[in-house]
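Asker: Residue numbers (our numbering), protein chains in the order written: chain A, 122 to 484; chain B, 122 to 484; chain C, 122 to 484; chain D, 122 to 484.
Among the clues, some could well be false.
Note: identical chains are not told apart, hence a pair may lie in one copy or across any two.
Cross-link-like lysine to any residue pairs, in silico, SDA-like; alpha carbons within 25 angstroms at most [what the hints assert, rightly or not]:
#	residue 1	residue 2
1	K268	S288
2	K224	S363
3	K476	E400
4	K426	S405
5	K397	R146
6	K424	R381
7	K220	L413
8	K220	N407
FYI, nobody ran anything at the bench for these hints, they're computed from the structure. Source: prediction; values computed, not measured.
Take a look at the letters that make up each chain.
Protein chains: 4
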Amino acid sequence: MKTKKMLVSAVLLATCLMTAQAQRRNEIQVPDLDGYTTLKCDFHMHSVFSDGLVWPTVRVDEAYREGLDAISLTEHIEYRPHKKDIVADHNRSFDLCRKQAEKLGILLIRGSEITRSMAPGHFNAIFLADSNPLEQKEYKDAFYEAKKQGAFIFWNHPGWSAQQPDSTKWWPEHTQLYNDGCMHGIEVANGPLYMPEAIQWCLDKNLTMIGTSDIHQPIQTDYDFSKDEHRTMTFVFAKERSPEGIREALNNRRTAAYYRELVIGREDLLRPFFEKCVEIKEVSRNEKGVTLSIMNTTDLILKLKKTAHDTSLVYFRDMTLKPHTCYSVRIGFDNGIKGGDLNFEVTNFIVAPDKGLNYTLKL
Amino acid sequence: MKTKKMLVSAVLLATCLMTAQAQRRNEIQVPDLDGYTTLKCDFHMHSVFSDGLVWPTVRVDEAYREGLDAISLTEHIEYRPHKKDIVADHNRSFDLCRKQAEKLGILLIRGSEITRSMAPGHFNAIFLADSNPLEQKEYKDAFYEAKKQGAFIFWNHPGWSAQQPDSTKWWPEHTQLYNDGCMHGIEVANGPLYMPEAIQWCLDKNLTMIGTSDIHQPIQTDYDFSKDEHRTMTFVFAKERSPEGIREALNNRRTAAYYRELVIGREDLLRPFFEKCVEIKEVSRNEKGVTLSIMNTTDLILKLKKTAHDTSLVYFRDMTLKPHTCYSVRIGFDNGIKGGDLNFEVTNFIVAPDKGLNYTLKL
Amino acid sequence: MKTKKMLVSAVLLATCLMTAQAQRRNEIQVPDLDGYTTLKCDFHMHSVFSDGLVWPTVRVDEAYREGLDAISLTEHIEYRPHKKDIVADHNRSFDLCRKQAEKLGILLIRGSEITRSMAPGHFNAIFLADSNPLEQKEYKDAFYEAKKQGAFIFWNHPGWSAQQPDSTKWWPEHTQLYNDGCMHGIEVANGPLYMPEAIQWCLDKNLTMIGTSDIHQPIQTDYDFSKDEHRTMTFVFAKERSPEGIREALNNRRTAAYYRELVIGREDLLRPFFEKCVEIKEVSRNEKGVTLSIMNTTDLILKLKKTAHDTSLVYFRDMTLKPHTCYSVRIGFDNGIKGGDLNFEVTNFIVAPDKGLNYTLKL
Amino acid sequence: MKTKKMLVSAVLLATCLMTAQAQRRNEIQVPDLDGYTTLKCDFHMHSVFSDGLVWPTVRVDEAYREGLDAISLTEHIEYRPHKKDIVADHNRSFDLCRKQAEKLGILLIRGSEITRSMAPGHFNAIFLADSNPLEQKEYKDAFYEAKKQGAFIFWNHPGWSAQQPDSTKWWPEHTQLYNDGCMHGIEVANGPLYMPEAIQWCLDKNLTMIGTSDIHQPIQTDYDFSKDEHRTMTFVFAKERSPEGIREALNNRRTAAYYRELVIGREDLLRPFFEKCVEIKEVSRNEKGVTLSIMNTTDLILKLKKTAHDTSLVYFRDMTLKPHTCYSVRIGFDNGIKGGDLNFEVTNFIVAPDKGLNYTLKL
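So that you can see chain A by itself, here it is in the shape it has in the complex (with noise of 0.2 angstroms):
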């Protein structure tokens, strides 16, 4: 009977393969910068090959469906929960979704998560050659691992409660591993978690802000799409759209976090980011006033609240611009003036702790 039980599977493996197909894309629309690309990635989620609750091709599928660019499935080195009924080494996870992330245009980096009590906490390793190796007794002996095959290594969740009770601190140990080069970026946004400690960081550093969802879950569990929600993710402003261009952009610090309604990052990256976002026009002028119409091209939100101004130029104290949506703004000349300039901050394009992307526009 053995011919007709494969006969079986054939007829399954068909199926299912077809079922992993029907499935829709939908592109998160952002501009790009001039000379780069912007690539929607997530770098830290989990299978039941660590402690996620999914089939590592699951993380290749959603990503297809939510329109990223590039994933890493970081399974945890020291936590395998599952290690009972999942007999598999730590590259396995990777391994059974290179058909599928392939078939989907997917990039899928290796990386995995070494996972310690605090200090130093979790870090992602990602870009290794082989994840086996950082299975290792002292955490220090991880990192140099992980360096030596040229990982990109970042902090994880700094602000994790559950590590650090009541503060996001640094600790002696994050000094060392960054002056050993073993830490090059750190987690401004994980998941529900934001923690604008690691943005200062980060600027004083010179060190990458990554935005991950650290998914254990199936996806739509954690996240409602008919909400209009998107998991926490890093946008990588890259070269090109590979592996390696992605690399070079974080190597650069090249990236902008993006959760909930905010896009976090250095301002010399989100001024030119804000200005590819929205099409301004002039509708009509005349000695009282002029008319403008701006259009957000963009699937994001845009906060904007006056700042300090000459109060001649009167305008809109605060102003949401929707995704997708025209707005007609009025602006108006009191005193005689001809013109001035209309200052505001876009609260939601965070460039340091607490603050939002200044802007002015000549009028």
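Starting from the known structure of chain A, arrange chains B, C and D on it as the hints suggest.
Answerer: Positioned in the frame of chain A, the structure of chains B, C and D alone reads:
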């Protein structure tokens, strides 16, 4: 360093339990029948322990959130594509779920899927004592073992195109299984599949009608709950909310399959069920007619279509009663009549292939 | 104080215009036919100027947001329940919308609803020059006036239960209107109402098939856009996007009604329309069969059902192609065949009462 | 033909009433305070009788569907852009709604909006006996008339950018109105507008806090109910569900504004309100800590943030309790403590500008 690592694990575990509990249960609002409670059950689903894509406990969480009362994880006996990585016997999936099921109040029924090519195709055996002995070379031996254990056995997706490419046929092998007491029910609906032929077989052969999800993906991948979709399931009209209550009801064919907008079952069950779904009040009456208020008190849609009637009674041709919505219905009296029979078919309460429930309201 | 009050008004007005523009347009993605552009049109709706419940400009805003190209506000001539409060002639509703329609790029067609009891019931006359002369004692005079103005006239909701309580009948009055050149089309779908009888009448008498919303409420009260519902409408296959383009297409019956999941139209239009809805590629082929990739490039659902065929060609029984989704389809070759005709019916492309579009794919 | 026309009207009317009733009410689930029932009220909205875009009865239907208890249609006295077409006095809007409000059980409060440029800006007067005498040349006379009629008068959107272009200021005119007994409350939230300055004014001057929608569009155009959005409204803690009950509560400042995720009100009301929102049970306790189960029994989100505390008590830093969801919360005991004060701020229960409700749970 062992202590430290264990501490990490303990912290992670605490967090996981918290996450697991942070779930909202959405009760399915349908009526009970007199003397019975309506249990919402799904007796067909898979996890990574056969060809499913989630950890088994995810199925318990999903069931809790969707308002189910009972589930059965029915891993394939003969088809285990992940067996290179997952090393476990056929009972493991059930055992892994017990604790979470108990915590969330989900009734967990031990089951397995006998997975053979046609004929006889795939069958679920539920209420098993031990799944392991079902691994047999000859399919009949698997059925005999299930029968020996006192299992309730039903034929899965008889209309599955991969096994029945052109029409839904009953094979001699099914006659034999039926005669041998190895077939007690048939799926009339399986996931997106609806099989009217199976309704007739259940009526003719006194078998129990079953609806199941046969879910392999995370449930939200196949069902869009934001659009009020629900998984295909079985309503079990049980004397009590317990495994024994379910078994007694299955034995006595007190079930209905709930598939998309359809409720599929025996007329003697669906008639009182329909009556409990609506509250009808006479609002006013004079010689020109009567005004009724009809309230649909359930999560179900109710679709009414006028049937043959005395044309002196003038009323709606079609009427859709949306969930939890109240309607004012006017019935006119022509030619001096003072009442009559308001006849209609509840077109989505299926009591035979292509036949809805006929109903008469005396006015 | 007059100056001050006027200032208030001016400020309020500026705000209103801004609000009115802050709308997101959702284009309806369906294909064009060769030589024609597919315009999405709704020729039947009401405002407070008859028995509707919104100010007329709301209809323009709704049309913009829903991706419509053209609308006609068709207030009842004979039924104006708000006339105690609203004092205006029959053209007022149209005139109030002109500016907003021009601003948002919506084509506005002047129309009115001739509102009589059965027979002949309700008719819309669109492409009128002046609605006022349609107010006539005798219904025929209203039709003659509309015809004199060169209007396109169609019968509304012939299956409306309030006027046709038991079946959808054609009355002698309709024969006369038809013979008099006063009937050019019929609604085959109106809001939630579908009237297959009208399809046959259109085919037999060479009339244009129309689908309309007949909306009275704010549109979101009747349609749940979060569930991807759409208003009932007419696809017009026009030579150009202009009132003249629409008129020419209506005259030549180049329309399809879009009602729920159904597209209802003439076979010679729906066949090329279906072909433009899908992209089919051969992925691989050997002696055992062929694998196709089928992409549904539209917002429409496409439901395929196998029809009579050479059983040596083994393929799906039913297949649902969701919007913007790609499917991998395997067709098996049995008995040594090397190809054949893959026959199916597109069951939701209606070309006659209860009849979908039959299609053959040569392999 | 008059008889026939009337017949048509009667049929149409019957249909309209049916449609109007076919609505589903979604109750807003928030707790009552001891001795009081929580009424959901909106005292600021418009119809076509001023500058709104719907027929007045639509406001009643919307209120019913959204689970409101009471509304007031507050047409502008001085701003009636549709008056060329709509000829009616200032009471007409209220009168047109009475029947539908009674049928659906909505409490209807007569009101009007005094609409002046700043200062004093716009004010609502509700619980009026007759709106017509409010049409006055001098704004003070309008207020005096409202006061004479015993109205409850509140200042609308003090932070409206069109009237307060740079900051939310209190003018001398407001002092005078306040001193004259012509100001009893202030809107702290209006539609999408939140005005923390107004909270402080209410606290300092013993005024009632109000939240309103100020809706002009069909409600679904401004709020996306599929995303669980709700209109801005006022919770009124009333002794009884009646206009008198509402008036007594407004007079005694027993209100809270419900704006997006915020509940804004006096601390002495929000403290017991919060206590009724959650069910807290001790699940287990040993020397290492205690496990609580916390159930959010409401439709509200509850956002908790740890405040100053004994660090031997180890617990969450932030915690979000989603609606109708149960959480398991672990509190650790360090350094041999056996209990302590779990201190947190409910950050979305606003009791003063930028200040949430502080709460302590004794363990």
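Asker: If a hint holds in the structure, say so; if it doesn't, say that too.
Answerer: Results of checking the hints against the structure:
no., hint, in the structure
1, K268 with S288, "neither (29 angstroms within a copy, 54 angstroms between copies)"
2, K224 with S363, "within (15 angstroms within a copy, 44 angstroms between copies)"
3, K476 with E400, "within (24 angstroms within a copy, 37 angstroms between copies)"
4, K426 with S405, "within (23 angstroms within a copy, 48 angstroms between copies)"
5, K397 with R146, "both (23 angstroms within a copy, 20 angstroms between copies)"
6, K424 with R381, "both (13 angstroms within a copy, 16 angstroms between copies)"
7, K220 with L413, "between (50 angstroms within a copy, 19 angstroms between copies)"
8, K220 with N407, "between (62 angstroms within a copy, 22 angstroms between copies)"
Figure legend: structure checked against the earlier numbered hints; the only hint not met is number 1.
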